[in-house]
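Engineer: Sequence:
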Amino acid sequence: MTGYAYRDLDVGGPVRIHTWGASDAPVLLYLHGLGGPMSGYFLAEIAPLFVARGWRVVAWDAPGFGASPSRERAAYGLPELASLAVGVLDALGVPDAAVLGQSWGGAVACVLAEQEPERVRSLVLLDAGHADVAALPGYSADAPCESYLQDLATFAGWDEAQAYYRDGEIRWTPELWDAVRYGLRAVSGRVEQAAAPSTLASARYGMVATSLRPAWTVLAARGTPVFLVLAGRPAERRSLNESLLPAFLAAVPQAVVDVVPEWSHDVIADGGPALAARVGGWLGSPGAPGG
Numbered sequence: 011m012t013g014y015a016y017r018d019l020d021v022g023g024p025v026r027i028h029t030w031g032a033s034d035a036p037v038l039l040y041l042h043g044l045g046g047p048m049s050g051y052f053l054a055e056i057a058p059l060f061v062a063r064g065w066r067v068v069a070w071d072a073p074g075f076g077a078s079p080s081r082e083r084a085a086y087g088l089p090e091l092a093s094l095a096v097g098v099l100d101a102l103g104v105p106d107a108a109v110l111g112q113s114w115g116g117a118v119a120c121v122l123a124e125q126e127p128e129r130v131r132s133l134v135l136l137d138a139g140h141a142d143v144a145a146l147p148g149y150s151a152d153a154p155c156e157s158y159l160q161d162l163a164t165f166a167g168w169d170e171a172q173a174y175y176r177d178g179e180i181r182w183t184p185e186l187w188d189a190v191r192y193g194l195r196a197v198s199g200r201v202e203q204a205a206a207p208s209t210l211a212s213a214r215y216g217m218v219a220t221s222l223r224p225a226w227t228v229l230a231a232r233g234t235p236v237f238l239v240l241a242g243r244p245a246e247r248r249s250l251n252e253s254l255l256p257a258f259l260a261a262v263p264q265a266v267v268d269v270v271p272e273w274s275h276d277v278i279a280d281g282g283p284a285l286a287a288r289v290g291g292w293l294g295s296p297g298a299p300g301g
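The numbers in my numbering rise by one with no breaks, and the one at position 174 of the sequence shown is 184.
Please note: incorrect hints may appear among the correct ones.
Here are the computed distance ranges between Cβ atoms for each label pair [claimed, not checked]:
| hint | residue 1 | residue 2 | range |
| --- | --- | --- | --- |
| 1 | ARG181 | GLY233 | 30 to 36 Å |
| 2 | ALA166 | GLY233 | 51 to 57 Å |
| 3 | PRO147 | GLY23 | 32 to 38 Å |
Please keep in mind that the hints were generated in silico from the structure rather than gathered at the bench.
Using N, Cα and C, we set each Cβ at its ideal position, and we do this for glycine too.
Given only the sequences and the hints, what does the whole structure look like? Please build it.
Structural biologist: Right under this line is the structure:
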């Protein structure tokens with residue numbers, strides 16, 4: 011794997027980071043989505059494709075995911091997570107970065123661009139960041155944190171776990187399974203998600219509490235390059251995205267939007283190298299306008 015390494019940083023507590031590429035190359039920071047097996051390593055299959063374009067990819071395991079220990083509930087507010095991401099950049103001596111945010115990570119990326127706009131040279135949002143989470147199905151600004159608790163997915167073994175995550179995917183590769191497997195763990199003869207139900211609930215609760223609209227205002231005022239990749243599958247998801255898009259584009263008129271009919275909300279799993287080509291083509295080399 012192209013220049014891959016991992017290490018643990020002390021940013022108010024341990025945070026595992028994964029890196030690909032040369033240490034002196036401009037940084038593409040990946041902030042992953044929610045879901046029990048999610049982690050910074052979820053980008054492992056396509057990270058080398060960005061490295062080939064001249065980027066150093068940096069990805070974190072957010073608190074409670076992958077190898078990063080969980081934190082108290084208050085740490086999962088979007089402003090707190092954005093500050094933590096800045097702390098990761100500071101710890102690595104990175105002055106600014108292109109930021110790639112997937113789902114939950116896209117919301118964090120928007121708030122990061124609001125809090126520290128000079129640190130975000132460009133922003134890529136993967137089916138995320140184009141609406142306040144409280145407006146999405148399954149979320150409510152009035153719901154307590156406990157309402158977002160869900161049972162932990164557990165499996166009899168690794169074969170059963172792989173079959174579960176492979177089912178329904180339009181694309182499945184050994185590399186994608188390795189990325190999913192990293193976010194799982196064996197416990198007492200069974201396999202379960204690394205992220206605990208309380209961690210997932212805290213993250214969902216934290217998303218609802220913060221509006222992304224102030225971030226849109228900052229993105230527009232600064233003219234920050236924005237690339238939004240939207241899911242077009244299933245039809246209900248595409249309809250929802252199309253209904254939300256006009257308000258986002260009115261607020262962030264410089265945004266470039268790519269709706270992909272065959273990809274679901276998990277555009278990394280569905281798109282793989284094709285996603286890297288779309289995003290990489292927009293970003294260009296680190297010295298290009300998008301980069």
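Engineer: Does each hint hold? Answer for all of them.
Structural biologist: Against the structure, the hints:
For the pair ARG181 and GLY233, the beta carbons lie near 35 Å from each other, so the given range of 30 to 36 Å is met. For the pair ALA166 and GLY233, the supplied restraint of 51 to 57 Å holds, since their beta-carbon distance comes to about 53 Å. For PRO147 and GLY23, the hinted distance range of 32 to 38 Å is satisfied, since their beta carbons lie about 33 Å from each other.
Violation of the numbered hints given earlier is absent; every hint is satisfied by the structure.
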